[in-house]
Amino acid sequence: MAITTQERPQRWDQPFGLFMTDQDVDRLLTFPEISAIEESKFPAHCSLKGILKNDARVVKYSAGDIVIREGDYGNSAFLVLDGSLKVVLFPGLPGEMLGRRTIRKKTLWQAFKQLWTQRKTPEVRDVKSQGQHSLVRATEALGSSQVFLQDVPAILDKNKTASLGKGALFGELAALGRTPRTSTIFAETDAELLEIRWQGLREFRKYDQGWRRLIDQRYRANALNAHLRATSIFSHLDDKDLQEVADATLFETYGKFDWHLTYNKLQTKEKTLGIKDEPIIAQQGDYSDGILLVRTGFARVSIDRGNGQQTLTYLGTGDFYGADEIFRAWQGDSNVSLRVTITALGYAEMLRVPSKIVEKHLFAYWSSGREGFRKGALQSSVESRRMQDYIDRTLTDGALLEWAVEERFVNGTQAMLINMDRCVRCDDCVRACSAAHDGNPRFIRHGKTFENWMVANACMHCADPVCMIGCPTGAIHRSMSGGMVIINDDTCIGCETCANSCPYSNIRMVSIRDDVGNFITDPQNQKPILKATKCDLCADQISGPACVFACPHDAMRRVDFRETELDENTTGF
Amino acid sequence: MKIQQGFSLVQVWRYVGLASLLLLVTWQWTIQIDSSLGISALASGWVLFGVLAFLALFSIRKRLPFMPLAPSAIWFMLHTVGGFLALFLFWLHTDAMGSKGFYGQVLTILFYITSISGVIGLFMEKVIPRQLTCSGVEIIYERIPGEIAAIREEVESLILKCTEEVGTSTLAEHYLETLNWYFQKPRFFLNNVFGGHLSQHWVRQQCMILERFLSEKEREFLDKVYSLAEKKRKIDFHYALQTLLKTWLLVHIPMAAAVTAMVIWHLILIMVFFV
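Residue numbers (the working numbering), protein chains in the order written: chain F, 11 to 583; chain W, 335 to 609.
Next comes chain F alone, as it looks inside the complex (with noise of 0.2 Å):
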């Protein structure tokens, strides 16, 4: 039998920038920033140099061009080579300027309407309106395009602005803390920028001290004191001991942040193994050094039992664990160890603020009893009830969140959970969503089921949008009211990125047609244009999400599992 051959993909195969030459990183290293960086300290398989030709590209932009949209989720950061950006610090700019799409209700009428305004071919799109406002604009590089802005002039008129000029360093936090940009960033004249993409931007961290103490300066000067200061046990602090607190608190990052790629290898592969590759934070046993709080990313929270692992709860964005194990021990209880392990779901940031100074900073005024404080020690002790509430479990009880943990089904705030035992399969569902999305549904009523639970194939309007990562035109974003996952349809264009980077292929592309039925197709190569779709939750619908509505057996819910507690009523009604 002959053997099949091939050579081991490397990291670097599939590089950032697809033009990048030598010359090119010989020009990046005349510039301050790079020359700066110590090339001796980077190992062979990872040099400066392989990482400026593979992990970064030079993109260049056209004044008035958008480099970065406030609320954009984004894996890379940018260092100003040439020319001069400016941004956007208040009032700060509308959505449609964005190329997001506005949201705006029906009213009764309009709803009303749709009864008779539906066309009978799915997808169809007013051909002479599309274009003829967009704000897209194409790039130099090939299939690439950029969102731009129309007049420059009355937008520093009318916001207040920052400028932005060489050697400026943008858009790292966002990229590799995985939260959304929060500023919009534009360029003032044409500019030159080198774009790094999270890989490169991370090794840079790990390999040069500079670029480090930079990130994490950044970090501790723009996000950590508001993250601290959000968490429940720290929120009682002065300015002066949270500084302290942010000062010690410890950065790591575990797991790998383009998750979503691999997330469907590691489905086909035995469950218990996927717990197993997960790294981990903190190990069952183990003595407490500090509390670790998730900046961003999922933690899963399981135990020991039999030759396995049983998943217990998963931690969020805000969580923390670890204050009652090293408040007791504290307290002098001996044999105080972690009752849990915590693994990287995917991939999380976690912050470790230490023991010592947690002892300083909040058992010393937790003990005291003193009011104000004292919510801290509740707060505590609650979330340890809570855990212990957890491990005392049966596997059968805690068999769905289990599931629904390692199908990565916590990452949605709306997943769509449909009780089998109640759907009739009518799909009346189905037809609903039809009916209030150009006759197509936008989600199939079908998916991964666990007992008589489904959780159907529509958008689940994640925590971790990682669909959102890479749109080149910012068409796929977070709503600002709602913060569900929404396409601007104008400013989509149909590249499939979003479609791809779906771990959960909860979105489609659809080739869109015109008044009389034809699909629409690109004079250039006779391919029709496609565009993206997903579940908007019936954003513009004044009954909100058409599908749960129109379920005449209430079989169907939209559910944050982290909030959910299943409970079926027994009425069969």
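For the record, the hints were derived by calculation from the structure and aren't laboratory data.
All C-beta atoms, glycine included, are put in the ideal place defined by N, C-alpha and C.
Hints may contain errors.
Taking CB as the label site, the calculated pair distances span [said to hold, decoys possible]:
1. 404(W) <-> 399(F): 34 to 44 Å
2. 70(F) <-> 485(W): 29 to 39 Å
3. 570(F) <-> 446(W): 46 to 56 Å
4. 407(F) <-> 446(W): 45 to 55 Å
With chain F's structure known, arrange chain W on it following the hints.
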């Protein structure tokens, strides 16, 4: 947050209570009219017409999913309770004796068919989903033919592979003579409807008959065929029960439409010639 699905017992009884109250009020009204020597059938007829019209509105509600007309689940509950109320009102209206005359008798028969199909449908909708879930597979009805075709293709390629690798045609011949029939389309419909195991028994029987004529290698192929037959059995089960869930409405809705049309004509006749 706990997910509460469906209606609690209190809610169900509230709807039933309201329906009972309406029935009692109508009954009292007809007694009053009778005692004053009036035509009580007119009163009960109007109330019955109102309830029937309300029942028909459910179908219109289904066509307007984008209108804020209360969740469909509430409509369904009202439709169910209203359906039973209509039955009692019909008995009150006709003195539980049924109508005289050809038109009235046809209307009565259609009304009973609609009511009975509704009750059967309700029963099926409460029982079948759980049975489908217990089957362990989930499949969209429209995808069933494709799924069966895919299984058939897989079985046939297994049989061909067996013939090529082992060099005998025993399994292939037996397949053509017996199992081929099974893999062509959904089978044992009625048996599946009544929850029987005939399908499983039949396939097992066919495999057992063949087993002693096969070599070890061929048996491995037969085992694979058997597991595919098992998969198909579950799909057949879904086909049978999902067909039931879909087809009862093909009786209920046309009959309900006919009843509505005849009731309107009945009302016109009464208003023109009787009142």
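Okay, the hints, checked on the actual structure:
{"no.": "1", "hint": "404(W) <-> 399(F): 34 to 44 Å", "result": "holds (38 Å)"}
{"no.": "2", "hint": "70(F) <-> 485(W): 29 to 39 Å", "result": "violated (55 Å)"}
{"no.": "3", "hint": "570(F) <-> 446(W): 46 to 56 Å", "result": "holds (47 Å)"}
{"no.": "4", "hint": "407(F) <-> 446(W): 45 to 55 Å", "result": "holds (48 Å)"}
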